[in-house]
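Chemist: Given next are the chains, with one letter for each unit.
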Amino acid sequence: MKVTIKSWTGVATWRWIANDDNCGICRMPFDSCCPDCKLPGDECPLVWGACSHCFHIHCIVKWLHSQPQQQCPMCRQDWKFNNK
Amino acid sequence: MANIAAKRIKREFKEVMKSEEVAGGAIKLELVNDSWTELQGEIAGPSDTPYEGGTFVLEIKVPETYPFNPPKIRFVTKIWHPNVSSVTGAICLDILKDQWAAALTLRTVLLSLQALLSAAEPNDPQDAVVAKQYKENPQLFHMTARHWTNVYAGGPASIVEFNQKVQRLLDMGVDEHDARVALSTYDWELERATEQLFS
Numbered sequence: 001m002k003v004t005i006k007s008w009t010g011v012a013t014w015r016w017i018a019n020d021d022n023c024g025i026c027r028m029p030f031d032s033c034c035p036d037c038k039l040p041g042d043e044c045p046l047v048w049g050a051c052s053h054c055f056h057i058h059c060i061v062k063w064l065h066s067q068p069q070q071q072c073p074m075c076r077q078d079w080k081f082n083n084k
Numbered sequence: 001m002a003n004i005a006a007k008r009i010k011r012e013f014k015e016v017m018k019s020e021e022v023a024g025g026a027i028k029l030e031l032v033n034d035s036w037t038e039l040q041g042e043i044a045g046p047s048d049t050p051y052e053g054g055t056f057v058l059e060i061k062v063p064e065t066y067p068f069n070p071p072k073i074r075f076v077t078k079i080w081h082p083n084v085s086s087v088t089g090a091i092c093l094d095i096l097k098d099q100w101a102a103a104l105t106l107r108t109v110l111l112s113l114q115a116l117l118s119a120a121e122p123n124d125p126q127d128a129v130v131a132k133q134y135k136e137n138p139q140l141f142h143m144t145a146r147h148w149t150n151v152y153a154g155g156p157a158s159i160v161e162f163n164q165k166v167q168r169l170l171d172m173g174v175d176e177h178d179a180r181v182a183l184s185t186y187d188w189e190l191e192r193a194t195e196q197l198f199s
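Those sequence lines, one after another, are chains A and B. To convert, note that position 19 of the first sequence is 19 in full-length UniProt numbering; the numbers rise steadily by one, no gaps. To convert, note that position 35 of the second sequence is 35 in full-length UniProt numbering; the numbers rise steadily by one, no gaps.
To be clear, the hints were calculated from the coordinates, so they are not data collected in a lab. Treat each hint with caution, since some may be false.
With a straight-line cut-off of 30 Å between C-alpha atoms, the simulated DSS-like cross-links for lysine-lysine are [unchecked claim]:
| no. | chain 1 | residue 1 | chain 2 | residue 2 |
| --- | --- | --- | --- | --- |
| 1 | B | Lys132 | B | Lys72 |
| 2 | A | Lys80 | B | Lys97 |
| 3 | B | Lys135 | A | Lys38 |
| 4 | B | Lys135 | B | Lys72 |
| 5 | B | Lys18 | A | Lys38 |
Simulated restraints, written as ranges between beta carbons of each label pair [as the list claims (entries may be wrong)]:
| no. | chain 1 | residue 1 | chain 2 | residue 2 | range |
| --- | --- | --- | --- | --- | --- |
| 6 | B | Gly25 | A | Asn22 | 21 to 31 Å |
| 7 | B | Glu176 | A | Asn22 | 43 to 53 Å |
| 8 | A | Leu39 | B | Val57 | 37 to 47 Å |
| 9 | A | Ser66 | B | Leu190 | 50 to 60 Å |
| 10 | B | Ala157 | A | Arg15 | 23 to 33 Å |
| 11 | B | Gly25 | A | Pro29 | 22 to 32 Å |
| 12 | A | Asp78 | B | Ala119 | 20 to 30 Å |
| 13 | A | Val61 | B | Val32 | 28 to 38 Å |
| 14 | B | Gly25 | A | Asp21 | 22 to 32 Å |
| 15 | B | Asp187 | A | Cys75 | 41 to 51 Å |
| 16 | B | Glu15 | A | Gln77 | 22 to 32 Å |
| 17 | B | Lys18 | A | Lys38 | 20 to 30 Å |
Listed below are several chain A residues computed to face chain B (Cβ distance under 10 Å; list not exhaustive) [what the hints assert, rightly or not]:
| no. | residue |
| --- | --- |
| 18 | His53 |
| 19 | Phe55 |
| 20 | Cys59 |
| 21 | Gln67 |
| 22 | Pro68 |
| 23 | Pro73 |
| 24 | Met74 |
| 25 | Cys75 |
Keep in mind it's a predicted model, so treat the numbers as computed, not measured. We put the CB at the ideal spot given by N, CA and C, even for glycine.
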């Protein structure tokens, strides 16, 4: 038997590889977006700190702006974006 | 209320309801209104403390800026504790002020308050009178705290002598709570308390 493929549709899934299921700031799942966004993914990316904790970028930026000291809200170490 | 605050409180509320502390009766959380801006908490007095057997009600107000700012919490139930105002119920606890972190939740805050009842911090007092007694006369502090737990938080019956002294002042026409505060403040010396009340 010989099959001729006339067309095909690729399907893929993706997920963030984070050290936790939920963002510690908004407590939404990482596979979902922060409460201010509509779609997860490139529009609402995750960022990691040098301390290894991870948040929605919108959440950690809001947190850092609201604080006199720039510390991770999980471990209170000085917050540095991990640029690995 | 800001989107993030309301959404987070809703999730936290569910999280607290599922927690083992709620199941075990150590903490409790209730909604006060539909807008998720105000809640009522309850913590059980920890064992081996003068608060044992008492139930302490807390007023929890969630600011628009939550979780970037801490919830505003005070004791509704009157309590004799160095870090809680015996007048207003205001609490002195670092995580409710400058040590707040967005990763803290209503559940962890309630547990921290319960821990505060077990381990007072008299060197960073909210109520100077209570803190002074705590440091200078720990045994009397313990008895006074137990008395307040009995009267205001439904704790087990305590010191008969204290009740009698309060009654003496009541007989003189003094308000019950005022009488208790004056006696507690003056180390249960009836004369000094009376003097202060009528001066």
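Chemist: Compare the structure with each hint and give your call.
Modeler: The hints, checked one at a time:
Taking the CA atoms of Lys132(B) and Lys72(B), the gap is near 26 Å; set against the 30 Å cutoff, the hint holds. At roughly 23 Å between alpha-carbon atoms, Lys80(A) and Lys97(B) fall within 30 Å of each other, so this suggested pair holds. Using a Cα cut-off of 30 Å, the hinted pair Lys135(B) and Lys38(A) is violated, with the two alpha carbons roughly 55 Å apart. For a cut-off of 30 Å, the pair hint linking Lys135(B) to Lys72(B) stands: about 28 Å separates their Cα positions.
Distance check on the hinted pair: Lys18(B) and Lys38(A) sit about 28 Å apart at the alpha-carbon level, within 30 Å; holds. For Gly25(B) and Asn22(A), the hinted distance range of 21 to 31 Å is satisfied, since their beta carbons lie about 27 Å from each other. Taken as a hint, the range 43 to 53 Å holds for the pair Glu176(B) and Asn22(A), whose Cβ atoms sit roughly 48 Å apart. Between Leu39(A) and Val57(B) the CB atoms are about 42 Å apart, so this pair conforms to the stated range of 37 to 47 Å.
As the Cβ distance of Ser66(A) to Leu190(B) is approximately 51 Å, the hint placing it in 50 to 60 Å holds. In this structure, Ala157(B) and Arg15(A) break the distance hint of 23 to 33 Å, their C-beta atoms being roughly 58 Å apart. Take Gly25(B) and Pro29(A): their Cβ atoms lie about 30 Å apart, and the range 22 to 32 Å holds. The given range of 20 to 30 Å is respected by Asp78(A) and Ala119(B), whose C-beta atoms sit roughly 28 Å from each other.
Evaluation of the 28 to 38 Å hint for Val61(A) and Val32(B) yields a pass: the beta carbon distance comes to about 32 Å. For the pair Gly25(B) and Asp21(A), the supplied restraint of 22 to 32 Å holds, since their beta-carbon distance comes to about 28 Å. The given range of 41 to 51 Å is respected by Asp187(B) and Cys75(A), whose C-beta atoms sit roughly 44 Å from each other. Range check, Glu15(B) to Gln77(A): Cβ separation about 25 Å, and the 22 to 32 Å hint holds.
The hinted window of 20 to 30 Å between Lys18(B) and Lys38(A) holds, with their beta carbons roughly 28 Å apart. Checking His53(A) against chain B by beta carbon gives a least distance of about 8 Å; that is within 10 Å, so the hint holds. With a least beta-carbon distance of about 9 Å to chain B, the hint placing Phe55(A) at the interface is held under the 10 Å criterion. Interface restraint check for Cys59(A): the shortest CB-CB distance to chain B comes to about 8 Å, inside 10 Å, so the restraint holds.
Given hint, Gln67(A) at the interface with chain B, holds; its Cβ is 8 Å from that chain's nearest Cβ, closer than 10 Å. With its C-beta approaching chain B no nearer than about 8 Å, Pro68(A) sits inside the 10 Å limit, and its interface hint holds. This hint holds: Pro73(A) has a C-beta 4 Å from the nearest C-beta of chain B, less than the 10 Å allowed. Because the closest C-beta pair between Met74(A) and chain B is about 5 Å apart, less than 10 Å, the hint holds.
For Cys75(A), the shortest C-beta to C-beta distance to chain B is roughly 8 Å, which falls under 10 Å, so the interface hint holds.
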